[in-house]
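Participant: Read off the chains here:
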Amino acid sequence: MTVNVLTLTIDDQQVSAREGQTIMQVATENGIFIPRLCHIEGLDPVGACRLCLCEVKGTPKLLPACTTKVSEGMEVSTSTERLGEYRKMILELLFAERNHVCAVCVSNGHCDLQSMAQKVGMDHVTVPYRYPKLQVDATHERFIADHNRCILCTRCVRVCDQIEGAHTWDVMGRGEGSRVITDLNQPWGDSETCTKCGKCVHVCPTGALTEKGRSVAEMAKQRRFLPYLTKMREEW
Amino acid sequence: MAKKQIVIDPVTRIEGHAKITIQLDDEGVVEDAHFHVTQLRGFEKFCEGRPFREMPSLMARICGICPVSHLMASAKACDALMAVKIPPVGAKLRVVMNLAQITQSHALSFFHLSSPDFLLGLDSDPATRNIFGMIEKYPDLARDGIRLRKCGQEIIAILGGKKIHPAWVVPGGVSEPLDEERRDKIVAMLPEALEIILRTLDWFKASLKNYEEEIATFANFPTLFMGIVGEGGLLHHYDGKLRIVDSARNIIKDGIEAHEYRKYIGEAVEPWSYLKSPYFKPLGYPEGIYRVGPLARLNIINRIGTPKADDEWLEFRKLDRHAVMSSFHYHYARLIEILYAVERMNEILHDEDILSTHVRAYAAPNCEVGVGMSEAPRGTLMHEYHIDKHGLMKSANLIIATGHNNLAMNRGVLQVAKHYVKGKELKEGMLNRVEAVIRAYDPCLSCSTHATGQMPLHVQLVDRRGTILSELKRN
Numbered sequence: 281m282t283v284n285v286l287t288l289t290i291d292d293q294q295v296s297a298r299e300g301q302t303i304m305q306v307a308t309e310n311g312i313f314i315p316r317l318c319h320i321e322g323l324d325p326v327g328a329c330r331l332c333l334c335e336v337k338g339t340p341k342l343l344p345a346c347t348t349k350v351s352e353g354m355e356v357s358t359s360t361e362r363l364g365e366y367r368k369m370i371l372e373l374l375f376a377e378r379n380h381v382c383a384v385c386v387s388n389g390h391c392d393l394q395s396m397a398q399k400v401g402m403d404h405v406t407v408p409y410r411y412p413k414l415q416v417d418a419t420h421e422r423f424i425a426d427h428n429r430c431i432l433c434t435r436c437v438r439v440c441d442q443i444e445g446a447h448t449w450d451v452m453g454r455g456e457g458s459r460v461i462t463d464l465n466q467p468w469g470d471s472e473t474c475t476k477c478g479k480c481v482h483v484c485p486t487g488a489l490t491e492k493g494r495s496v497a498e499m500a501k502q503r504r505f506l507p508y509l510t511k512m513r514e515e516w
Numbered sequence: 026m027a028k029k030q031i032v033i034d035p036v037t038r039i040e041g042h043a044k045i046t047i048q049l050d051d052e053g054v055v056e057d058a059h060f061h062v063t064q065l066r067g068f069e070k071f072c073e074g075r076p077f078r079e080m081p082s083l084m085a086r087i088c089g090i091c092p093v094s095h096l097m098a099s100a101k102a103c104d105a106l107m108a109v110k111i112p113p114v115g116a117k118l119r120v121v122m123n124l125a126q127i128t129q130s131h132a133l134s135f136f137h138l139s140s141p142d143f144l145l146g147l148d149s150d151p152a153t154r155n156i157f158g159m160i161e162k163y164p165d166l167a168r169d170g171i172r173l174r175k176c177g178q179e180i181i182a183i184l185g186g187k188k189i190h191p192a193w194v195v196p197g198g199v200s201e202p203l204d205e206e207r208r209d210k211i212v213a214m215l216p217e218a219l220e221i222i223l224r225t226l227d228w229f230k231a232s233l234k235n236y237e238e239e240i241a242t243f244a245n246f247p248t249l250f251m252g253i254v255g256e257g258g259l260l261h262h263y264d265g266k267l268r269i270v271d272s273a274r275n276i277i278k279d280g281i282e283a284h285e286y287r288k289y290i291g292e293a294v295e296p297w298s299y300l301k302s303p304y305f306k307p308l309g310y311p312e313g314i315y316r317v318g319p320l321a322r323l324n325i326i327n328r329i330g331t332p333k334a335d336d337e338w339l340e341f342r343k344l345d346r347h348a349v350m351s352s353f354h355y356h357y358a359r360l361i362e363i364l365y366a367v368e369r370m371n372e373i374l375h376d377e378d379i380l381s382t383h384v385r386a387y388a389a390p391n392c393e394v395g396v397g398m399s400e401a402p403r404g405t406l407m408h409e410y411h412i413d414k415h416g417l418m419k420s421a422n423l424i425i426a427t428g429h430n431n432l433a434m435n436r437g438v439l440q441v442a443k444h445y446v447k448g449k450e451l452k453e454g455m456l457n458r459v460e461a462v463i464r465a466y467d468p469c470l471s472c473s474t475h476a477t478g479q480m481p482l483h484v485q486l487v488d489r490r491g492t493i494l495s496e497l498k499r500n
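Those sequence lines, one after another, are chains A and B. All letters in the first sequence, in the order written, are residues 281 to 516 by the working numbering. All letters in the second sequence, in the order written, are residues 26 to 500 by the working numbering.
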């Protein structure tokens with residue numbers, strides 16, 4: 281099998297790539313970091329969080345690096361001033377949308393949302409907080425789902441579907457009313473499809489899905505399993 | 026002369042926000058006085074629906090001065106929810122952190138907040154009657170205070186990772202054991218702290234004769250005293266049972282367990298303050314007035330339990346035939362407690378098993394109600410949590426040390442105002458004494474106001490002639 285090799289530029293750096301790769305994959309291989317929250321290696325990209333938007337020369341629109349395939353001669357910019365401002369704004373909106381109280385969160389210090397804010401220099405939220413009243417579902421014997429901390433990245437939905445094959449998680453509602461749900465919006469503890477494997481908990485970027493029994497700042501996620509499982513699925 | 030009201034707002038050099046109002050009669054003589062706490066925090070409300078394991082860290086946010094005290098009471102309430110007995114070394118490490126907290130908080134109260142009154146004088150210029158004025162005039166003493174507070178704060182940081190709001194105290198014990206290096210680091214800090222506190226005690230005792238008038242009038246009246254005593258009636262800030270003594274040091278009630286507190290303590294609400302007024306139920310309200318905190322603790326115990334502090338305690342006991350009654354002596358008691366804390370930390374850290382790695386118990390929530398009780402620097406602290414079967418908080422009731430003293434602070438304000446404040450020839454120094462009696466209690470008001478919606482409200486619309494035009498009541 282032959283693979284076409286493409287050459288392109290990312291942030292003025294000449295790079296080569298295999299046909300079919302995304303900008304995110306090529307950038308990562310070449311040591312260029314592009315902020316992301318919904319994307320995680322091993323799951324299909326969905327381009328939901330918009331943090332990885334890049335500028336591509338000749339295209340007026342901004343394109344998500346996680347879903348955009350590279351092409352010959354492409355000139356990509358991943359960290360312009362404009363993108364930096366947009367990323368800060370996206371993060372501000374995420375923080376303002378629900379109740380992310382880092383100081384008392386079980387994922388404090390191990391949270392992708394928190395570390396992404398640090399990386400892009402988002403140190404203040406300039407839009408008003410919305411303080412929605414949201415449920416904490418602690419009905420599961422091993423895990424807790426705290427919708428206050430959910431950013432709707434759908435990593436849980438994808439890992440449950442694509443890797444575990446249970447498809448317990450899904451999304452309901454639209455816009456600000458969107459929620460991740462288990463089965464047909466039943467309490468997680470009543471779910472008949474959940475295998476209690478815990479993959480959703482460990483791919484969750486924030487303290488939305490956590491293990492029971494963890495105290496504040498103790499919920500570090502283990503994600504090394506994901507690339508191995510993905511590879512195994514491909515090979516078999 | 027018409028009726029007048031003097032308002033001291035804000036009360037300075039305390040933690041939190043409060044004001045004092047003093048009512049004068051037609052002759053300018055003090056008729057009544059109130060201590061108002063003017064802020065509301067609401068932690069009892071917004072913890073509802075959260076997982077109980079968040080509570081120690083969440084409740085610690087009540088205060089930046091004594092977060093560790095809230096960590097202790099909260100973690101103990103969570104231990105009770107899990108129905109676990111925490112490993113002995115986990116408990117010992119909690120005790121060390123609690124004593125470090127007592128040290129730093131007492132040092133802050135004594136040196137930073139109250140010593141300007143003693144050293145620069147209660148009548149001195151208010152512009153310099155503060156820690157900066159102290160640094161200028163008495164640099165050695167100010168340095169001692171800062172060093173002592175630093176020692177307490179450093180120990181908290183060494184144990185818990187940070188000085189304020191460490192997440193190290195968890196339901197079931199502590200999250201990390203102590204290692205040799207950190208133990209030695211703490212032990213090395215203690216000799217300097219011991220020197221400082223002994224030096225300060227000598228100086229303070231020698232200066233007591235200058236404050237005879239204040240000692241006689243600063244909330245100097247008989248009340249009950251309440252606090253936790255450890256086994257054998259020894260001083261203990263972390264674990265033990267409640268004891269209540271009267272002003273003659275007769276034990277009124279002993280051996281009250283944390284979960285029984287509601288049987289003995291009622292909480293009254295007054296319309297002029299967000300701070301509730303707890304009282305000893307068998308005596309009713311407001312006759313059930315009692316005091317908590319360092320003075321109360323030294324009044325209720327059989328002895329302290331460490332050698333140097335015991336010597337000081339015996340001397341302290343001689344101040345009064347029965348219980349030491351003047352709230353001015355809170356300051357003295359605070360110094361003796363620092364001495365105890367330094368001695369006791371040293372003892373515990375030399376225990377053979379202190380480096381054990383078994384410091385945490387694990388369990389699911391097994392009880393629906395848990396009460397945790399500990400002695401904060403300012404007195405007995407109570408956290409009561411109710412959870413559902415999944416471990417989510419249904420409700421919380423907090424009684425904060427400062428709240429217990431509310432009745433006594435109000436009565437103290439009135440006593441001092443009546444003695445010192447003369448409406449016709451008002452001087453700043455008079456009012457400073459009214460504030461100073463509050464400072465003696467070292468209240469932490471930001472800690473102490475959490476419930477809303479229960480305040481009986483009574484609004485009257487009155488015309489110039491005093492006729493009631495309209496009236497609204499809510500109970």
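Hints were generated in silico from the structure; no laboratory data involved. Values in this document were obtained by computation on a predicted structure and should not be read as measured data. Just so you know, even glycine gets a beta-carbon here, dropped at the ideal spot from N, CA and C. Just so you know, not all the hints are guaranteed correct.
[Stated by the list, open to error] Simulated coverage check for chain B against chain A, where a stretch passes if three residues somewhere in it have a Cβ under 8 Å from a Cβ of chain A:
| hint | region |
| --- | --- |
| 1 | 78-86 |
| 2 | 193-201 |
| 3 | 216-222 |
Participant: Does each hint fit the structure? Answer for all of them.
Facilitator: How the hints compare with the structure:
no., hint, in the structure
1, 78-86, "holds (count 6)"
2, 193-201, "holds (count 3)"
3, 216-222, "violated (count 0)"
The earlier numbered hint that this structure contradicts is number 3, and it is the only one.
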